[in-house]
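Between the sequences and the hints, there should be enough to build the whole structure, so can you do that?
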Amino acid sequence: MPDLLIELFSEEIPARMQKRASEDLKKLVTDGLVEAGLTYAGAAAFATPRRLTLSVEGLTAESKATLQERRGPALDAKPQAIAGFMRGLDIEAPDSIYRKYVEDIRNGEVITVGEVMLKSIEAKGRQFLFASIENRGRMAADIVAEVLEATIRNFPWPKSMRWGEGTLKWVRPLHSILCILSDEGGAEVVPLDIDGITSGDTTQGHRFMAKGATSVSSFDDYEAKLKRAYVVLRADERAEMIWHDATNQAFAAGLEVVEDRGLLAEVAGLVEWPVVLLGRIDDDFLGLPPEVLQTSMKEHQKFFSVKNPKTGRIERFVTVANMETADNGATILAGNQKVLSARLADAKFFWENDLRVAKAGMEPWLDSLGNVTFHNKLGSQQDRVTRVAALAREIAPDIGADPDLATQAAKVAKADLASEMVYEFPDLQGLMGRYYAEAAELPAEVAEACEEHYSPLGPSDDVPTAPVSVAVALADKIDTLTGFWAIDEKPTGSKDPFALRRAALGVIRLLLSNGKSLELLNIFKHATFFEVTYQSLKKFGSDVEGHNERVRERLYQAFLDDKLESVSVEMRQEIADLADRAKAGFPGEEPSNSKIIEIDEAARTDLLSFFHDRLKVFLKDKGIRHDIIDACIAMPGNDDLTLLVKRAEALAATLATDDGENLIQGFKRANNILSQAEEKDGVEYSYGADLKYAEEPAEKALFAALDAADAKIGPAMEAEDFSTAMTGMAALRGPIDQFFTDVQVNADSQVVRRNRLNLLSRIRKSCLSVADLTKIEGSS
Amino acid sequence: MAEKPRSFQEIILRLQTYWAGRGCAILQPYDMEVGAGTFHPATTLRSLGSKPWAAAYVQPSRRPTDGRYGENPNRLQHYYQYQVIIKPSPSDLQDIYLGSLEAIGIDASMHDIRFVEDDWESPTLGAWGLGWEVWCDGMEVSQFTYFQQVGGHDCKPVSGELTYGLERLAIYILGVDHVMDMPFNDPQSPIPLTYGDIFKQTEQEYARWNFDVADTDVLLQHFKDAEAECQRILDTPSDDPKKDMKIIMAHPAYDQCIKASHVFNLLDARGVISVTERQAYIGRVRALAKMCADAFVQTEAGGQAA
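Going line by line, the protein sequences match chains A and B.
According to the working numbering, the first sequence is numbered sequentially starting from 1.
According to the working numbering, the second sequence is numbered sequentially starting from 1001.
Worth flagging that the hints you see were computed from the coordinates, not collected in a lab.
No residue lacks a Cβ here, since even glycine has one placed at the ideal position from N, Cα and C.
Accuracy of the hints is not assured; some may be wrong.
[To be verified] Residues from chain B that face chain A, not an exhaustive set, calculated with beta carbons under 7 angstroms:
hint, residue
1, F1115
2, D1137
3, Y1146
Structure below.
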């Protein structure tokens, strides 16, 4: 059982591609080997900046011989049928040759073409073609050579290139191929020549610290020799060395390294021989916000930040070199410190310029947002800020936030997008907003909202809890969603360029985790309205400009009260005029800016069902089935997601009990019998079940139980106390079961039958008042 | 290990000597304003077609938006690039390159030299390649690129391109903190000159002109003129009636493309190009570059049989 060792040695492979490439190498080669009939005991792949390595253990020495037999068409079959059979056997020849083969076979000859043996057999009195294909076993080396060549030529690099005069593609120029099969008897090179690169048994060590090629005889030998030549083959080992040395050196200085797994993995992909160096940050820069230091050091220099646990400030950095030097890294560290100082001088320059603007009230930033297009149909960032501010004011009371603070926060929340620091480091958006709002001495809630209103971004992000932050975060996301729904740019399939799914999930999590109720359909209406009025008023021109704010406020109030007719005749005229002009497009304006953007009722309903879909996905992860959610979505008030989820949770809890599950059976049975009877009789049995026509004890008991349940369910539903309502409903289980056991609904007496059907209708009504149980998929 | 260089010009001279020793034709800078050494026709045009090529040169480069009135320690609107272009790229180009660092005083055994992924793309030239930025102790000292496409044409064979940012590299090697303090000639010379003695004033003059004074109407006209002339040159029939031979004027046309590109950079520095217009201008320059590339590959230097 030989072992296989492959190393593909090239110029520097981008760090971000190494892991995936080593996995691809392993999969492609082992799949190819198995497909060709070999088996193996285990395989492992590795990557360094200059090599991809694969070790396969316990490979079979050769593939097994196989014999395939195939019966073909009759000897006197049509030429097309004969030709089809021949080609299926990879025998390519003109029809005349096929005819000759058939002729010879008819004469009793056995013909051999390549590995195929052809003769005739008799079946049911006719002569048929019969082929035997013998695949002799192949040596592992032949298979390995073939599979490796195919792997190299078709390797799935995210981006690959040609070099020199060749046509071969690799991530960067490929220099050598090590490919050996080894067993107790020694190692043998698997011969391979790919566009002039021939395989061998040698590898190279570190670019600077080792010189020349070394030959290797097995994987263990290879890994050991590489280590002597200053190459640590395993990425996780390099990462471990880096982390260990970095934390040790920081600890010795009374400091700690800021953990960053992504950076650790990247840095481990940039070195073959990690050497950790702890460096100083010039005192001039220690006053920069820690996030700025960290981002600048990471993005530009790939440095780890080292902080003082006592002050929380970042005071030092760790850089990872690929060299051991005679001066123990002193020259390297000095160079790195110098580069860092130049970088941080830039950052400090941005920070100081920005602080000046912030302290003066951020006006230039807010103005410049008017020049930044958010979307060509939805206006500029400034337009958006205006809409979000209005919407935040609207939402604030429901969230328990101060409307003035929410409005103020929304107005400045995007200001930092125009700052120099965020231009340089886009990842710092929001965070810089907070620093600048603090510098401008805005209220603490406002500063906090500047940072937090983007949250939650990912599904595992923390959700803000401060009311002002929550109000602005909701307004920001709902504005985005209503806007894109209004212009009909919804996510389709895997395409969601504006991250609308993420925005909807953000709204869901903001509402649920804070337990806040918001009637979304109503809010959507407001979002629309503001868009229309703001856009219209803005474009209307000088005559309205004077009382812009007042007009808007009055329109808004009238709309809120659903009393547009209550505005003065004069004002209504103005609105009508505005709307007409806006629809026609204001002269001299880009048409896209002057269109009235409306999210009509159909779009609002559609947006709500988009929310419901996201909610289903969200709750599914929490173990609540989609049919339970559907049963609750079918109920009124479904645009209040918090209420909807409460209902779904209560229903799920009820259904998880024995009573609950059986109640569903009983409900369904009642509903089925009733529906069938209603269809057959052409009437609706929905009223008038009377105790006096009840004959059986079980029937009477059900009356009593329904009275008791309704008395409980009604007030509980009123109070949105779903679990009490559901408990009340679940208590019907026993009486319903008993009823079906003891009572025959289709009694001979029509009066008794009708009364019983009307009684079933009470079951349906009571149950449906809690949730639409017809949506529950059930166990039979 | 060679002795450390003592001046900016010594670093340039050593690079010239080194690459001459590796068989490169040492060319002189192109006599037009360009944003980078890549624009020199010795790189853009000569990387096209099948003919082998090896050249090295210093190229003064201008980036109007980078002007800082000579105050920033390493940001300049006018600076020098050292450019090496070899076609086909030799298989030991990395090693040859490392040799050039040693020639200018970077001892690889004392420094940390790394090849860090950097894909190169020039939207204005319709060109891209893969390679790295080369780091020395965390500082980018060169760009190293294998050209894959230029002017929309696949590069066959592939050229290897090296670009050294000379000021930044020299500041590091010479151990000065500010570019203006860097010795330009030998500090022991009878008349020692610093980089600042030569360029401080011009940085101020150009920064003012670039940012505030350049006449944008004139520039816009220059752009249109260059674009039209490039097109006209290439539309001219290739048969020259006077000489009775075929003369495709790829280089004169390409000069106009260079001109358009630089005028665009000036307009950008003047802040008169909006975000949306920016893409359109880049597209217009790229269209010119592509036409010039199309023309060049029809010429003898571009690999056509004479």
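Now for the hints, and whether the structure bears them out:
For F1115 (chain B), the suggested interface contact is upheld, since its CB lies about 4 angstroms from the closest CB of chain A, less than 7 angstroms. Using the Cβ-Cβ criterion of 7 angstroms, the hint placing D1137 (chain B) at the interface with chain A is satisfied: the shortest such distance is roughly 3 angstroms. Against a cut-off of 7 angstroms between C-beta atoms, the interface hint on Y1146 (chain B) holds, since the closest Cβ of chain A lies about 5 angstroms away.
This entry satisfies every hint, going by the numbered hints stated previously.
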